[in-house]
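Student: Position chain B against the provided structure of chain A, taking the given hints into account.
Listed below are the residues making up each chain.
There are 2 protein chains.
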Amino acid sequence: MTNDAPGALSLIRKEVHSELTSYLTLQREYLSEIGSELIPVCDALESFLLDGGKRLRPLFAYAGFCASGLTPTQEDIRAFTSLELLQACALIHDDLMDGSDTRRGKPAIHRHFENLHQQGAMAGLSGKFGEAAAVLLGDLALVWSDHMLHTSGVTSDALLSALTVHDEMRIELMAGQYLDVRESGEKTPSVDRSLRIARYKSGKYTIERPLHLGLALAHRDSSERKNLMYILSSYGLPLGEAFQLRDDALGIFGDPAVTGKPAGDDLREGKRTVLMAMTLEKANHNQRSIIESSLGDPDLTSKQVEDVRAAIIETGAVKDVEDLIDGLLSSALEAANSDEIAPSARELLIELATSAIRRSH
Amino acid sequence: MTNDAPGALSLIRKEVHSELTSYLTLQREYLSEIGSELIPVCDALESFLLDGGKRLRPLFAYAGFCASGLTPTQEDIRAFTSLELLQACALIHDDLMDGSDTRRGKPAIHRHFENLHQQGAMAGLSGKFGEAAAVLLGDLALVWSDHMLHTSGVTSDALLSALTVHDEMRIELMAGQYLDVRESGEKTPSVDRSLRIARYKSGKYTIERPLHLGLALAHRDSSERKNLMYILSSYGLPLGEAFQLRDDALGIFGDPAVTGKPAGDDLREGKRTVLMAMTLEKANHNQRSIIESSLGDPDLTSKQVEDVRAAIIETGAVKDVEDLIDGLLSSALEAANSDEIAPSARELLIELATSAIRRSH
Numbered sequence: 004m005t006n007d008a009p010g011a012l013s014l015i016r017k018e019v020h021s022e023l024t025s026y027l028t029l030q031r032e033y034l035s036e037i038g039s040e041l042i043p044v045c046d047a048l049e050s051f052l053l054d055g056g057k058r059l060r061p062l063f064a065y066a067g068f069c070a071s072g073l074t075p076t077q078e079d080i081r082a083f084t085s086l087e088l089l090q091a092c093a094l095i096h097d098d099l100m101d102g103s104d105t106r107r108g109k110p111a112i113h114r115h116f117e118n119l120h121q122q123g124a125m126a127g128l129s130g131k132f133g134e135a136a137a138v139l140l141g142d143l144a145l146v147w148s149d150h151m152l153h154t155s156g157v158t159s160d161a162l163l164s165a166l167t168v169h170d171e172m173r174i175e176l177m178a179g180q181y182l183d184v185r186e187s188g189e190k191t192p193s194v195d196r197s198l199r200i201a202r203y204k205s206g207k208y209t210i211e212r213p214l215h216l217g218l219a220l221a222h223r224d225s226s227e228r229k230n231l232m233y234i235l236s237s238y239g240l241p242l243g244e245a246f247q248l249r250d251d252a253l254g255i256f257g258d259p260a261v262t263g264k265p266a267g268d269d270l271r272e273g274k275r276t277v278l279m280a281m282t283l284e285k286a287n288h289n290q291r292s293i294i295e296s297s298l299g300d301p302d303l304t305s306k307q308v309e310d311v312r313a314a315i316i317e318t319g320a321v322k323d324v325e326d327l328i329d330g331l332l333s334s335a336l337e338a339a340n341s342d343e344i345a346p347s348a349r350e351l352l353i354e355l356a357t358s359a360i361r362r363s364h
Numbered sequence: 004m005t006n007d008a009p010g011a012l013s014l015i016r017k018e019v020h021s022e023l024t025s026y027l028t029l030q031r032e033y034l035s036e037i038g039s040e041l042i043p044v045c046d047a048l049e050s051f052l053l054d055g056g057k058r059l060r061p062l063f064a065y066a067g068f069c070a071s072g073l074t075p076t077q078e079d080i081r082a083f084t085s086l087e088l089l090q091a092c093a094l095i096h097d098d099l100m101d102g103s104d105t106r107r108g109k110p111a112i113h114r115h116f117e118n119l120h121q122q123g124a125m126a127g128l129s130g131k132f133g134e135a136a137a138v139l140l141g142d143l144a145l146v147w148s149d150h151m152l153h154t155s156g157v158t159s160d161a162l163l164s165a166l167t168v169h170d171e172m173r174i175e176l177m178a179g180q181y182l183d184v185r186e187s188g189e190k191t192p193s194v195d196r197s198l199r200i201a202r203y204k205s206g207k208y209t210i211e212r213p214l215h216l217g218l219a220l221a222h223r224d225s226s227e228r229k230n231l232m233y234i235l236s237s238y239g240l241p242l243g244e245a246f247q248l249r250d251d252a253l254g255i256f257g258d259p260a261v262t263g264k265p266a267g268d269d270l271r272e273g274k275r276t277v278l279m280a281m282t283l284e285k286a287n288h289n290q291r292s293i294i295e296s297s298l299g300d301p302d303l304t305s306k307q308v309e310d311v312r313a314a315i316i317e318t319g320a321v322k323d324v325e326d327l328i329d330g331l332l333s334s335a336l337e338a339a340n341s342d343e344i345a346p347s348a349r350e351l352l353i354e355l356a357t358s359a360i361r362r363s364h
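Each protein sequence line maps, in turn, to chains A and B.
Each residue of the first sequence is one higher than the last, beginning at 4 in this note's numbering.
Each residue of the second sequence is one higher than the last, beginning at 4 in this note's numbering.
Extracted from the complex, chain A is given alone in its bound form (with noise of 0.2 Å):
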C-alpha cells in the first residue's frame, strides 16, 4: 500500500461488497416470490460472496477504468462487481469438478447442499443433490453476473463496448478451464501446456480482462482506447502469470489458516500446476519418486505432505518459480509505469500488483 492513498484498494473494495449486497438484497426478493425453496440458494450464494473473496476482478476493472484518466461512478463499480457473480460460477463449478470439499475454509457449495439433504432427511442421494444444487447455482452465478452489468446503470455506448469484452472473457474462461480439466488427463506434465493454462485462466481472465473491461467502460476514443488496451495487457498478462504462480506455490506450501485450504491440498488433489511441471523435469530419480507416489492421493497424511514439500524444494523448481515470478513482476510493473496511464491509475496498478503477488491466500 502507498502513503499518499492509504486504504485506497479497501475502500474500492468496501464499495463492490455494498453493491453486492443491494443485488443479492433484490433478488432474493425475485426468488422468494418463485417460492420458497429457493431461501437456501440466496443464503448460499449471499454466504459465498459477502463472506470472503479478494475482489481482485472489480479492482482491475476500476484500474482499467483510472487508467484513461476518468473517474468510476457508481454505475460503474456496479458494473465492475458483476465479475465478483462471474467468478463465483468459476469458483462453485470448480470446487465440482476438483470434488473439493473447502473453499475460504467452508464447506463448497456442492458439500453445502449434501449437508442440507442430509439434515432435512431429504429422498434420494444427498450427494447427487449437492453436485445439481452446485452446477444450477453456477449457472445462476453466471446469468446473474449478467444481469447486473446490464442493469448496472451505466450509458448504453458504455455497455455495449463492454459486452464484446465481456464476451471474450467469459469464452476465454472456459477453454482455459477445459484446458486444465484436460491437463489433469495427461500421462506426463509440460511446463509450456501448464503456462498456457495459466495464461487463459489467470493471466486474461484474472488480469487483463477485466482492466479492458473498465477500460470499454470508459469508453474513450477507440483509438486513443486501443494503445492503452496494449499497454494493459503489457501489465496484466505477466502479472496473471506471475499470479497463477503464486497460486501453485500456496496450494502446495500455504498455511490453511490463511488460505482456508486443507495443507497440500494441490498435492492430493494431483493437480497439474507449472511449479509441479518444473518440478518433476528437474527431479532426480529419488524426488520424483517421493513426489510421483504422492501426487493425487486423496488420503496423503500430513508427513507425506511435509516429505513431498521437501522434496520439491530440494529440486530448485521453488526458488526458479519465485525468480520466475520476481521477472514477470518486474515486467507488469514496468507496463504500469508507462506515461500513457493516468498517474492515479499508476498508483492503483502497482499497488495490485504487488499486493496480488505478496499475498498469503
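Treat the hints with care, as some may be off.
To be verified - Listed below are the simulated DSBU-like cross-link pairs for lysine-lysine, each with C-alpha atoms no more than 35 Å apart in a straight line:
#1 LYS285(B) <-> LYS131(A)
#2 LYS17(B) <-> LYS109(B)
#3 LYS306(A) <-> LYS131(A)
#4 LYS190(A) <-> LYS322(A)
#5 LYS109(B) <-> LYS190(A)
#6 LYS229(B) <-> LYS109(A)
#7 LYS306(B) <-> LYS131(A)
#8 LYS57(B) <-> LYS131(B)
#9 LYS131(A) <-> LYS190(B)
#10 LYS109(A) <-> LYS322(A)
#11 LYS109(B) <-> LYS306(A)
#12 LYS229(B) <-> LYS57(B)
#13 LYS131(B) <-> LYS190(A)
#14 LYS131(A) <-> LYS57(B)
#15 LYS131(A) <-> LYS131(B)
#16 LYS190(B) <-> LYS109(A)
#17 LYS131(A) <-> LYS109(B)
#18 LYS322(A) <-> LYS131(B)
#19 LYS57(A) <-> LYS131(B)
#20 LYS131(A) <-> LYS322(B)
#21 LYS285(A) <-> LYS131(B)
Derived from the structure by calculation, the hints contain no laboratory data.
Tutor: Positioned in the frame of chain A, the structure of chain B alone reads:
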C-alpha cells in the same frame, strides 16, 4: 401445418440450422487457435446442436417478432437462434444432473467425454473427466448463446430491449431447474408444486419468454408492446404447461425409436412430473404399490415398465392429463386468434401450438 403456408416452420428451422452452422464454424476457428485440445469440445457441441433439436425457442421468438406485424431480418433470426445455445446448456447440465446416458439417441455429453477419456487411455478417472467436461461445455454453450445474441447484428436499441427479457428468462430457467431438482428430494409428490415447475421450466422458459424476446427485438413502441406481451403470455403460459404435460406423457409412454430415449426412462429416473403426481393422487392401494415399488429403480425391466404403464392408465390420470392438455391448448389458441396479433403471426402461433402438443418426441 396449415395449407396456405406449407413448410413455414421447416423453412425457419433451416435458417436456424444454417445460422448455427456459421456461428459454430467461427467458434471452432477461434478455439482451435487457443489449443488443438479444444477440437473435441467443438466436435461435441456441433454434433449436439446440428444433429437434432426441434428449434422450438427460436420458432417462438420468430412468431413473437411477427406478432408485431414486422418481418424478421437475417440478423433477427440470428438473435433468435442464440436460444438454441442456451437450450444446449440446459440439456447438457440436465443430463449430467439426472445421470441420463443418452440424448437424441446418442451418448449424453458427460458419457461422450467419459468415452473419449477411456479411448484415449488418459490419466485419472473417466467418469470424473466426463462430468467436468459436461459442466464446462454447458457453461460454454451458455456464454456462446449470449455472444451470439450480442453479435447478431440487430440494432443497439433492439439488443438493449432484448437483454432485459433475456436475463429474466435465464434467471427463471435456473430457478425452475433448481425447483425441479429440489422436487426429487420431496417424499410425497404434489400436483401444485409440479405445475409450478412446469410453469417456470416450460411455460416461461420455452414459450412465453422466447415470444417476448422476439417481440422486444421487433422493438415496437413500448405501450403497444405491453398489450401484445400480455396476449402472448395468455398464449404462451397455458401452451407451455400443456407442452410439459405432453413431455411427461412421452417420458413414460413415448416410443424410444422416436424420442431417442429408452422406454420408460422417466420411470427409471423416478422423475416427479405432474402426470406422476396426478397418478399417485388417484391411485388405489394396489396401483400405488405397483408404481411406488418401481419408480426410480434404474434396473427396471421392460415387463415392469409395461406393468407400471398399465397401472398409470388404470388410475385415469392419463385421461385427466389429456383433458388438461386439451383445455390448455384451447386457451392458447383463443389467445392466438386475438385481433391484436398480426395475421401472419396468428397462423404461425396456431401451427406451433398444434405441433408442440400433437408431437411424438
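Student: With reference to the structure, classify each hint as holding or not holding.
Tutor: Status of the hints after comparison with the structure:
1. LYS285(B) <-> LYS131(A): 30 Å, holds
2. LYS17(B) <-> LYS109(B): Judged against 35 Å, a Cα distance of about 22 Å means the pair holds.
3. LYS306(A) <-> LYS131(A): Distance ~33 Å between LYS306(A) and LYS131(A) Cα, so the pair holds.
4. LYS190(A) <-> LYS322(A): 25 Å, holds
5. LYS109(B) <-> LYS190(A): Distance ~29 Å between LYS109(B) and LYS190(A) Cα, so the pair holds.
6. LYS229(B) <-> LYS109(A): 46 Å, violated
7. LYS306(B) <-> LYS131(A): 28 Å, holds
8. LYS57(B) <-> LYS131(B): Holds: LYS57(B) and LYS131(B) sit about 30 Å apart, inside 35 Å.
9. LYS131(A) <-> LYS190(B): 16 Å, holds
10. LYS109(A) <-> LYS322(A): 32 Å, holds
11. LYS109(B) <-> LYS306(A): Between LYS109(B) and LYS306(A) the Cα gap is close to 48 Å, so the pair fails against 35 Å, i.e. violated.
12. LYS229(B) <-> LYS57(B): Within the cut-off at roughly 28 Å; holds.
13. LYS131(B) <-> LYS190(A): Measuring from Cα to Cα gives roughly 16 Å; hence the hint holds.
14. LYS131(A) <-> LYS57(B): Holds, at roughly 29 Å.
15. LYS131(A) <-> LYS131(B): 13 Å, holds
16. LYS190(B) <-> LYS109(A): 29 Å, holds
17. LYS131(A) <-> LYS109(B): 23 Å, holds
18. LYS322(A) <-> LYS131(B): 34 Å, holds
19. LYS57(A) <-> LYS131(B): Measuring from Cα to Cα gives roughly 29 Å; hence the hint holds.
20. LYS131(A) <-> LYS322(B): 34 Å, holds
21. LYS285(A) <-> LYS131(B): Given pair LYS285(A), LYS131(B) holds - Cα atoms ~30 Å apart, limit 35 Å.
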